[in-house]
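There are 2 protein chains.
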Amino acid sequence: MATNELKLLGCWFSPFTCRVQIALNIKGLEYDNIVESYYPKSDLLLQSNPVYKKIPVFSHGDKIICESPIIVEYLDQVWKDNGAPSILPSNAFDRAMARFWVAYIDDKFFNPMRSGLIAQDEESMKKHFEQVEQVFMRLEDVINKCNNEGMEFFGGDKIGYIDIGFGCYISWVRATEKIKGIKLLDETKTPALVKWAEAFAVHPAVKGVVPETNKLVEFVKGFVQRLVDATPQ
Amino acid sequence: MATNELKLLGCWFSPFTCRVQIALNIKGLEYDNIVESYYPKSDLLLQSNPVYKKIPVFSHGDKIICESPIIVEYLDQVWKDNGAPSILPSNAFDRAMARFWVAYIDDKFFNPMRSGLIAQDEESMKKHFEQVEQVFMRLEDVINKCNNEGMEFFGGDKIGYIDIGFGCYISWVRATEKIKGIKLLDETKTPALVKWAEAFAVHPAVKGVVPETNKLVEFVKGFVQRLVDATPQ
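As they're listed, the protein sequences go chains U and Z.
At position 95 of the first sequence the residue is numbered 95 (the UniProt record's numbering), and the sequence of numbers has no breaks.
At position 133 of the second sequence the residue is numbered 133 (the UniProt record's numbering), and the sequence of numbers has no breaks.
So that you can see chain U by itself, here it is in the shape it has in the complex (with noise of 0.2 Å):
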């Protein structure tokens, strides 16, 4: 696959764009990497995601595909046979877990953990990171259950769906801990998802994609900033 047939417009902040990074590299395909500018968003991002007007955007020759999930998903059926791991799981009902997961993962983790961040008092920052944790306990279960199976991983012996679902949040996680000065992903609550976390970061197709988190803690500074100056008090 020539490398300008495959283009990912997206940002190295953006844990939605590093899931496709991720499931790229777990295909072994080469792509160009294409910076948004974001703040202001590029003339590129409106006209190849009008509807949401988000990044990632995975461009496969001249397919468009947006949305993190959906672009992983497609990925994984395009390169299917091509010799490297699947991301998904092939069985329908394991498939649809997997799905489940992930889903759960966007609709119950993002918005607390964004409304966490940019909190101005340590009431609502406490009801939200609540909310984070009780995300955790729930994917404690689930791992726990895949390491009494033997396996490390939530996709098994190896890194699927779930793993590149959640584990593109981990450093926004370690970042938010710096800067709070909290303990959100806690060993002693969660200690099967603490070791998951660190042998995901250190996984051949994650590491050098999520971001450091030193690096992250001073963009992640300014990103709440924002947030706070554009959200009614």
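Take the hints with a grain of salt, since some may be wrong.
Here chain U is said to cover these stretches of chain Z; the calculated rule only asks that three of the stretch's residues, wherever they fall, bring their Cβ under 8 Å from a Cβ of chain U [claimed, not checked]: (1) 59–67; (2) 70–77; (3) 98–108; (4) 144–156.
I should point out that these hints are in silico values taken from the structure, not numbers from a laboratory.
Glycine residues also receive a C-beta, built at the ideal position from the N, C-alpha and C atoms.
Assemble chain Z onto chain U, guided by the hints.
Here is chain Z on its own, set in the frame of chain U:
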């Protein structure tokens, strides 16, 4: 497939339950229809969907699957070779597009629709229903493109994933129009979508599944009152 192998826990008024019923009809599958009491939620619902505590819940033997888009994909994968039509396109890009639009509909349509229904002042109602109309305008473009290629439905010459994903809401649109005395699905603005909605409603897999408008009007009035009572003004 023995009837008692397949069970659907749902409600007649739930658009999400309707999605699964239509998919089961397309696949020609018999199933036990278990009526959820919902007010209050049954023990069966709380036990079988502890994460969301929402209908529909689909059981295939001892396998339990929640969330209507995920259930529909599951049905399509498991019964892909039973002679019935497929629900999702087989082509990876068309599949990605189908997932994109159903996710868009669930993201952008349901909340404004609900907010418009419970809005107590004209201005607020108008604002929410304008968002609903924006969704219609986008879908008008999509169905127009299908029509121009000689296809009656989003799914081609047969109903598919987007048809089910959006069609399940049409009865709620009709009921809302009656209750509020307004026109939402307007043939002067979205003629192709209006024509599509008529063809969808009389499709053999749909007829008898989606609620009859007058019956739904009575239910929606009570539903709205409960939401209004529960919403801080």
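Checking each numbered hint in turn, tell me which of them this model violates, lowest number first. 4
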